[in-house]
Amino acid sequence: MVSTSILAVSSHLSPGIVATAVGVPLQSGTTIVQLLVFALLLGGIYGLVALGLTMIFGVMDVINFAHGALMVLAMYIVWSLSSASGLTPLVFIPIAVVALFGVGILIHHFTIAPIMEAPQENQLIVTFGVMLILISSIEIAFSPNPRSYNIDLGSVGAAGVFIPEGQLYALVISITAVIGMWLFLQRTQLGRAIRGTADNRSGAKFVGINIKRIDYLTFGLGAALAGLAGAAIPLIQRFDPYIGDVYLINAFVIVVLGGLGSFPGALLGGMIIGFVQVFGQFYLPGSVYQVMIFMIFILVLLLRPEGLLGGKRT
Amino acid sequence: MSSETGSSLSTVWHRYKQFRNESYATPLLLGIIFGILIVLPALLEVSIAGYSLGTRVSLGMLIVTLVWAYTAQSWNIMSGFTGQFSFGHAAFFGLGAYGTILLVSNYSINPWIGMLVGAVLAALYGLLIGVLCFRYDLRGHYFALATLAFAELLRFIINNIGALGGASGFIKPLPREYADGPGLLAFQFSTDLPYYYVILAFLLIVTTVAFVIRNSRFGLYLFAIREDENAAAAVGIPTFKYKLSAVAISAFFTAWAGAFWAMYFDTIRPDTVFDLLINVEILLPAIVGGLGTVIGPILGSFIVTPLSEIARQSLDLPGTDRIVYGLLLVLIVLYSPKGVVSWPKRLADLLGWQDSPTDEDAVDETHN
Chain A
2 MVSTSILAVS SHLSPGIVAT AVGVPLQSGT TIVQLLVFAL LLGGIYGLVA
52 LGLTMIFGVM DVINFAHGAL MVLAMYIVWS LSSASGLTPL VFIPIAVVAL
102 FGVGILIHHF TIAPIMEAPQ ENQLIVTFGV MLILISSIEI AFSPNPRSYN
152 IDLGSVGAAG VFIPEGQLYA LVISITAVIG MWLFLQRTQL GRAIRGTADN
202 RSGAKFVGIN IKRIDYLTFG LGAALAGLAG AAIPLIQRFD PYIGDVYLIN
252 AFVIVVLGGL GSFPGALLGG MIIGFVQVFG QFYLPGSVYQ VMIFMIFILV
302 LLLRPEGLLG GKRT
Chain B
1354 MSSETGSSLS TVWHRYKQFR NESYATPLLL GIIFGILIVL PALLEVSIAG
1404 YSLGTRVSLG MLIVTLVWAY TAQSWNIMSG FTGQFSFGHA AFFGLGAYGT
1454 ILLVSNYSIN PWIGMLVGAV LAALYGLLIG VLCFRYDLRG HYFALATLAF
1504 AELLRFIINN IGALGGASGF IKPLPREYAD GPGLLAFQFS TDLPYYYVIL
1554 AFLLIVTTVA FVIRNSRFGL YLFAIREDEN AAAAVGIPTF KYKLSAVAIS
1604 AFFTAWAGAF WAMYFDTIRP DTVFDLLINV EILLPAIVGG LGTVIGPILG
1654 SFIVTPLSEI ARQSLDLPGT DRIVYGLLLV LIVLYSPKGV VSWPKRLADL
1704 LGWQDSPTDE DAVDETHN
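Chains as they are written, first to last, in this note's numbering: chain A, 2 to 315; chain B, 1354 to 1721.
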């Protein structure tokens, strides 16, 4: 971007955006470059969602079905606070992230921690139960009607490529979060402990890592990442209580694609799926891109079941 | 030792325990359950002191309850018996529904034939999933995720193919368009009562199949795979072959429920028959009732479905039924992972009726 100028866009937030997928508002100046920008953006958000999911998986060996519901919870927290106070939703995003960290700890304490040693399916069923309770409660409290943040955003443009401001904010948020998370995991003692536990649970225990505490932290961080991604999504599209579903399903594909438990894999997988979706939505009819996403998933299962960047398999 | 307060209830429990260890116990209990189910619609009409069951429970609710009991029983053969946890049985359910409705709408082919075609398709799809997943030794939640992806794949494929009805799906044709009129042959009836007995017959068939499998050498192999697949393979059980058989049988029968669904309700759409929630509705009764048991899925469905229906009707809020599902999932897995069928034993333990809590001779309900 050389010079940016704010352009007033006639309608914002929902031009041609469907409630179930990240829509691409197509304007006259749309080019490959524009699609690339959108793909990068969506890939970043997918990466965030998948990072939380794959972290919980890698460290705790738990598949968290409530991940999408946690995203939705964050959207409604930001939306409620912003509507009640009249302030811009951007201020409340950090609050939602912190709140979700707390919610994650609570969910882990009451539903996952007691059955950490039980068969894998039990944890999957429990998190699915949590998802149903969360989503339906949100639906009852806020009605199933689609909503959007009360925020007026223009768009930023350069050289014929237009980026709605909401998308730019979302991109900045997701890139910052991914880098922050990356630094935390790579450079801090705690991050190292988390990676160590993901790598070898009993080994981590032997070298004195309190893996029970790491579990709490991991689930809290996973929920917080879901919350951040969730809070950022309404910047680019309208939302309803069910929007978490499609992100969750694609996040599963991404974590398998990248390698279950692999942090760089989640980011790479997020980018791949982001590109497939944005270009697929533009060039293919209907939701054929979604068929392609599942085809990729099955191909990976067939050819490289440990994922693109996954090394170990259990 | 029976306690001094050895009440008559304690004696009843010991009698029951003895009975439960007899080989004829499960068939007899099943016989009683099916006996009750046969007369249940008539009982709805009976009014005792001005109160009749029919005011709370409708025939339609019972039909839906039996559908989920049926699917849970089918799911159980693969996931409860063999331990291959499927989170994508909506694929088989949907294939049954689409096989039936496509053939009857487009070619006026009798829905019963359509049902069998759908069931064979589902079994083949199950084999495809099985071959791909088992070949790469996907287990536990890797496998669960893969099955979910295969179900979602079908949903999006059908959503995008106009010839298969696309996103708007199909409206059930009138019976006169492909048969002489409503009746058993047309798989369409003018009242709910015949539907009830059709799905009850389905349930009887799949329950018999499940019972026979449980008590056969084949069933023993499946349970061996569930308990320890490596050990089972080590003693020479061809685990790959047996896992595939379990998937195919389970898929074949699950498709029948889809066919029934398509002929009972007026419309089907990819987003209803392949829905994420269908996967849960299929497996929930088996989990609540007791994983791997023959009686469990039936008991479970009679707890789950009426409870959620009544909650939804009395609170009059959409989504209440899903909160009930969610609570049941969480509570059962946390506090009673062996399901409702284990409750008599747990009650006996609680009240000190057992000779000792770890009594090896005690009935293990999960093996019935």
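Heads up, some of the hints might be wrong.
Covered by chain A, per the in silico footprint, the following chain B stretches (three or more residues, Cβ under 8 Å) [unchecked claim]: (1) 1474-1485; (2) 1495-1508; (3) 1661-1674.
Here are a few chain B residues that sit away from chain A, every Cβ distance over 12 Å (derived from the structure) [claimed, not checked]: (4) Ser-1432; (5) Arg-1570; (6) Leu-1687.
Chain A side only, calculated, beta carbon under 7 Å to chain B, not exhaustive [to be verified]: (7) Leu-41; (8) Glu-122; (9) Val-127; (10) Leu-133; (11) Glu-140; (12) Val-247; (13) Ile-250; (14) Tyr-284; (15) Ser-288.
Hints are computed from structural coordinates only; laboratory data are not their basis. Note that beta-carbon positions come from the ideal geometry of N, C-alpha and C, so glycine has one too.
Checked hints:
no.	hint	verdict
1	1474-1485	violated (count 1)
2	1495-1508	holds (count 9)
3	1661-1674	holds (count 4)
4	Ser-1432	violated, 8 Å
5	Arg-1570	holds, 25 Å
6	Leu-1687	violated, 6 Å
7	Leu-41	violated, 24 Å
8	Glu-122	holds, 4 Å
9	Val-127	holds, 5 Å
10	Leu-133	holds, 3 Å
11	Glu-140	holds, 4 Å
12	Val-247	violated, 10 Å
13	Ile-250	holds, 6 Å
14	Tyr-284	violated, 14 Å
15	Ser-288	holds, 6 Å
Hint violations for this structure: numbers 1, 4, 6, 7, 12, 14, all remaining hints satisfied.
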